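S.K.: In case you want the letters, here they are:
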Amino acid sequence: MDETVAEYIRRTVLKIPRCQIMEMLTMWEFLSKTQLQTINVHQLKERISQAVVELCEVITSIVNDQIVSNSHNFVFTISGIFSCITGEETDSFNLADFKYKFKRSLRSALKNVTINFREYEDNAIWIRIAWGTQYTKPNQYKATYVVYHSQTPYVFISSLRSSIPLLCQALVHASNYHDIHEMELRSRCIDSLKDIVFKRYSQTFQTYHPRPLQERNVAPEKVDPRIIQENKREKERIQSVNQEIFGEGLQPKIEFAQYKLETMFKGEPEMDILTEKEPFRCVVKFSSPHLLEALKSLAPAGMADAPLSPLLTCIPQKARNYFKIKERKGILSASCLGP
Amino acid sequence: MDTPDSGGMTPLGRKTAETGINFTSTTRFSRGLTFIRTHTLFGQSPTRRIIPQTSLLQENVDPQKIAFLLRKQWTLYSVTPMYKFSYGNLKEYSRLLSAFVAAEKQKGLAVEVGNDLGIKVTLSTLLGLKGTDQDQVAVLVQIASRSQLPFENAENKVVWSGWFCCISGDDLLESVPEDFTCLSLFLANGAESYTAIVGSWFQKTFDCYFSRLTISPLNLAWMAAMWTGCKVDSHMAATELVFSVPCIPQSLDISYAIHSEDAKALWDTVQKTPGEVTQEEVNLFMDCLYSHFHRHFKIHLSATRLVKVSTSIASAHCDGNIKILHSKHLIGVLTLLTELAISQIQ
Numbered sequence: 001m002d003e004t005v006a007e008y009i010r011r012t013v014l015k016i017p018r019c020q021i022m023e024m025l026t027m028w029e030f031l032s033k034t035q036l037q038t039i040n041v042h043q044l045k046e047r048i049s050q051a052v053v054e055l056c057e058v059i060t061s062i063v064n065d066q067i068v069s070n071s072h073n074f075v076f077t078i079s080g081i082f083s084c085i086t087g088e089e090t091d092s093f094n095l096a097d098f099k100y101k102f103k104r105s106l107r108s109a110l111k112n113v114t115i116n117f118r119e120y121e122d123n124a125i126w127i128r129i130a131w132g133t134q135y136t137k138p139n140q141y142k143a144t145y146v147v148y149h150s151q152t153p154y155v156f157i158s159s160l161r162s163s164i165p166l167l168c169q170a171l172v173h174a175s176n177y178h179d180i181h182e183m184e185l186r187s188r189c190i191d192s193l194k195d196i197v198f199k200r201y202s203q204t205f206q207t208y209h210p211r212p213l214q215e216r217n218v219a220p221e222k223v224d225p226r227i228i229q230e231n232k233r234e235k236e237r238i239q240s241v242n243q244e245i246f247g248e249g250l251q252p253k254i255e256f257a258q259y260k261l262e263t264m265f266k267g268e269p270e271m272d273i274l275t276e277k278e279p280f281r282c283v284v285k286f287s288s289p290h291l292l293e294a295l296k297s298l299a300p301a302g303m304a305d306a307p308l309s310p311l312l313t314c315i316p317q318k319a320r321n322y323f324k325i326k327e328r329k330g331i332l333s334a335s336c337l338g339p
Numbered sequence: 340m341d342t343p344d345s346g347g348m349t350p351l352g353r354k355t356a357e358t359g360i361n362f363t364s365t366t367r368f369s370r371g372l373t374f375i376r377t378h379t380l381f382g383q384s385p386t387r388r389i390i391p392q393t394s395l396l397q398e399n400v401d402p403q404k405i406a407f408l409l410r411k412q413w414t415l416y417s418v419t420p421m422y423k424f425s426y427g428n429l430k431e432y433s434r435l436l437s438a439f440v441a442a443e444k445q446k447g448l449a450v451e452v453g454n455d456l457g458i459k460v461t462l463s464t465l466l467g468l469k470g471t472d473q474d475q476v477a478v479l480v481q482i483a484s485r486s487q488l489p490f491e492n493a494e495n496k497v498v499w500s501g502w503f504c505c506i507s508g509d510d511l512l513e514s515v516p517e518d519f520t521c522l523s524l525f526l527a528n529g530a531e532s533y534t535a536i537v538g539s540w541f542q543k544t545f546d547c548y549f550s551r552l553t554i555s556p557l558n559l560a561w562m563a564a565m566w567t568g569c570k571v572d573s574h575m576a577a578t579e580l581v582f583s584v585p586c587i588p589q590s591l592d593i594s595y596a597i598h599s600e601d602a603k604a605l606w607d608t609v610q611k612t613p614g615e616v617t618q619e620e621v622n623l624f625m626d627c628l629y630s631h632f633h634r635h636f637k638i639h640l641s642a643t644r645l646v647k648v649s650t651s652i653a654s655a656h657c658d659g660n661i662k663i664l665h666s667k668h669l670i671g672v673l674t675l676l677t678e679l680a681i682s683q684i685q
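Each protein sequence line maps, in turn, to chains A and B. Residues in the first sequence are numbered consecutively from 1, following the working numbering. Residues in the second sequence are numbered consecutively from 340, following the working numbering.
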């Protein structure tokens, strides 16, 4: 067996916590039950990994095809979403056909690649690609992962690298679409990305009654009359506006948003500043463990106006978190131009 | 604290005060002396500062040593004046400090006679780091560790560095008696454990006190304004301000980076008096940036907390970390930091 692959298996097994080793090996499905039973999980981890490698030595070609990522094991780092512009779709999706075409397209351009496929229940196909060059073997440690939902025109790609054009070409060819282009949406959490593009989050709708209808026969709250809520109406207004914009449910989880601003600088009227005609260039980055929830809580905390700027609230609807804002005819507007 | 009298306004609007030595003072200086703050009252930030002169490094400067200070992350401390510190005894101090560091590092380990950890401490002077002639000469402390592996050549690798300096501090520290050396600013780079050991030795030997110098958002705004205005010959990096939003369940950080030319253009229209920066100008500069941001995002940056400022000259973090990028502006940055250190001591 290829020694780089053997080394890779060895290191992967070492990384798995001891209690999960058996589970993982079973999930990988390339060692038979009898072989699994021969592995003693209580010995030193190095010995375990060595034993796994030895067992794998016997199975050569099967291993090459079956070393696939397990979605729970790997941190899905920044994933770019590519959306395919629909071209000629075939009605039925043929998995074997897709795999064959993809492999052929990629291998014709680059000899040294390792390609592995894995199918999951929700029609998701995970493709793991390890890239090599003309002279070097594929680097198993820096693989690119591609998730393709065959029923949708979306592809999710991790760790964008320079070999992306080749990858896109292969994807377009294999899926029978016309073209592919990158969307400006990135996140660490692939489920959130799916939520945004598949519109699985709670959407907001325009209401014709901005004030909620008054309920009758409501028992009065037992509130101490000495407590006075200041700005009660303003707070209620902020809450209702916030809800209108962000919706009721949990927001999709994204970690950052970046805005490249090239608008004219205009301060307050009393600031007699910068009468130049050049745009005031800046880059604003928001980052948070859960950005949309943080933005939602800004107005109630008093740090932002309600309604919040459409530049921020349009992130889920427009499915992008990288923006370039330019001045439009002297009036500020959130014109989101392409990259 | 004695209140300064209102006689004799200097051109910069600072008030001079009568000096006094109070032996019954209850301040933390064990020798019972008080140092009068000459120009600020009760912890307020000055309303105006001179733009520091740049490139005041004198002739007998070691460019390699200066280059060593640049592009490194330094943690800031303020140091009270040191009692009976002598520049002539640096070799002696090196020897004592080496023994102390070695002893501290071996605490808790089994004692092995003759076991040499290979730690060597050197104290040296850093010439040229002075704002005025009255400033004390800067002192550099370095801990070098000899490689333990036998086959590697026994070259000493510097594992920790720290340096004391005081730039243009004399006008703020009047009435310092003879036996005291004022090196109010201390910068450290390296493992925290070494910083603690070196700090405790200095505190015990010279009866001084180290405390972490944090930088308030107000002073960070001053730095943003003053450093944006500096002219840099080489490539200018963007002026970046990082804000952290408090009081919300999920933490949110906002990074606001302005193109260097545009930031400088804005500052040049704000700043009116040459050679001087006032509080109003800094406030106006920041307000302009905040209002431009608010126009786009409807978020009030003034309600958030400024935690970090990065410019082409230097970058500073509110926890008291600094990185200086150009030797030309080294003195300017250190002048400001010395002032902050001294106001923290007082």
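These aren't lab readings, by the way, just hints derived from the structure by calculation. Among these hints, one or two may not hold up.
Selected chain A positions facing chain B (in silico; Cβ < 10 Å) [stated by the list, open to error]:
(1) 96
(2) 99
(3) 110
(4) 113
(5) 132
(6) 135
(7) 174
(8) 259
(9) 266
(10) 298
(11) 306
(12) 309
(13) 311
Label-pair distances were calculated between CB atoms; the ranges are [claimed, not checked]:
(14) A:164 - B:576: 27 to 37 Å
(15) B:497 - A:118: 43 to 53 Å
(16) B:667 - A:118: 51 to 61 Å
The model shown is predicted, which means the values in this text are computed figures rather than measured ones. We treat Cβ as the ideally placed atom computed from N, Cα and C, and that holds for glycine.
S.K.: Which of the listed hints are not met by the structure?
M.R.: 1, 2, 3, 4, 5, 6, 7
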